[in-house]
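Just so you know, the sequences run in chain order P and Y.
Heads up: the first sequence begins at 256 in the working numbering, then just goes up one per residue.
Heads up: the second sequence begins at 3 in the working numbering, then just goes up one per residue.
Treat the hints loosely; a few may be bogus.
[Claimed, not checked] Facing chain Y, according to a computed beta carbon distance under 8 angstroms, are these residues of chain P, among others:
{"no.": "1", "residue": "Leu335"}
{"no.": "2", "residue": "Lys358"}
{"no.": "3", "residue": "Glu360"}
Keep in mind that the hints were calculated from the coordinates and are not lab data.
Every residue gets a Cβ at the ideal spot worked out from N, C-alpha and C, and that includes glycine.
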Amino acid sequence: MYIIVVGGGKVGYYLTKTLVNEGYEVFLIEKNPVKVQLYRDRFGAIVMQGDGAEVATLAAAGAGRADVVIAVTGDDEDNLVICQVARERFGVRRTIARVNNPKNEELFRRLGIDVTVSQTNVILSLIEQQIPERPFVHLLALRHADLAIVEAKVAEQSPVVHQPIWQLPLPPEAIITAILRRGQVIIPSGQTTIEPGDELIIVTKQEREAELRQLLCAPATA
Amino acid sequence: MKIVIVGCGRVGAKLATDFADEGHQVSVVDLRQTAFRRLPQGFRGQLVLGTGIDEDVLRNAGIQEADVFIAVTENDNTNIMAAQIAQVIYRVPKVILRIYDPERAEIYRELGLTVICPTRTVSEMIEQAVRSHVTSDEVR
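Between the sequences and the hints, there should be enough to build the whole structure, so can you do that?
The following block contains the structure:
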């Protein structure tokens with residue numbers, strides 16, 4: 256697999272280093288000639304000086320045969336254009352952009368970037384998963400399907416306690432896929448009854464998250 | 003018409019001045035306060051300090067009601083991203099941007115944006131002027 260990394264800041268540097276160690280064929284494009292010289296001493300000829308948003312630079316880097324282009328500069332506008340040029344001119348099938356401003360994740364997705372990585376959002380979600388008493392945690396977003404996987408902890412006072420799943424007024428586009436109960440994983444059926452302290456793993460349409468939170472966590476946290 | 007202009011350089015300031023004089027409602031966005039000095043005394047449009055690739059800034063400039071969006075900062079990629087926010091998110095009816103790099107200009111023209119590429123336009127005009135000079139010399 257051939258991977259082109261654009262942007263030789265800390266992220267680009269460590270990413271290149273890791274990918275090389277993993278055995279991938281990697282090429283790094285960086286604007287700053289001083290950094291390029293430094294990286295050449297470490298990585299050899301796989302580092303090139305240039306502007307990765309320019310067609311000529313990407314062509315020289317062999318973008319035509321690249322499987323993945325990863326844009327990790329510190330500027331969102333550059334990362335966006337690098338990915339779009341790679342896709343439109345070189346037919347690169349997978350483009351990954353670092354998003355510095357988390358507000359741009361949605362925009363990039365709508366503009367056809369396959370994967371966006373927002374450090375801010377990653378750290379935020381790690382924090383959310385580490386705080387034990389949060390009753391409702393967003394675990395994962397499945398972008399293309401507009402789905403989310405969430406974890407909800409059922410409180411004593413929750414209206415769903417002691418009810419079988421089939422009786423729950425769940426939104427139509429949400430499904431309880433697993434229940435964690437006293438260290439055991441239960442794959443539930445409609446007859447399974449919810450107990451206080453259950454942790455429910457739910458696959459849901461993203462727009463139903465708020466509704467679910469309301470249903471499962473109220474009135475304890477409402 | 004409501005016109006939002008991102009970038010108050012020579013071109014942005016001239017467009018803002020002309021459109022405001024014609025009675026249009028104009029908002030100009032620039033990162034640097036000093037850039038607004040290019041506008042004439044008594045300029046009637048709105049000045050918005052901030053980057054044209056931030057949706058909050060663009061909303062302050064009234065992008066939601068804009069009929070025309072023009073991106074003319076010195077940075078091609080900033081113009082490209084601002085223009086795509088206007089086109090894809092806010093569905094501004096007319097989006098025009100400047101891209102100096104002819105290759106990138108072509109890519110985004112193909113993606114449906116109205117792209118002005120000064121590099122190509124100016125060099126074509128100069129080439130034309132040179133050719134007509136040569137021809138008139140030959141005629142003489």
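These are the hints, each one checked on the structure:
1. Taken as an interface hint, P/Leu335 checks out: its beta carbon lies about 5 angstroms from the nearest beta carbon of chain Y, inside 8 angstroms.
2. Hint status for P/Lys358: holds, given a least beta-carbon distance of 6 angstroms to chain Y, under 8 angstroms.
3. At a threshold of 8 angstroms, the smallest CB-CB gap from P/Glu360 to chain Y is about 12 angstroms, leaving the interface hint violated.
In this structure, only the earlier hint numbered 3 is contradicted, and the remaining ones agree with it.
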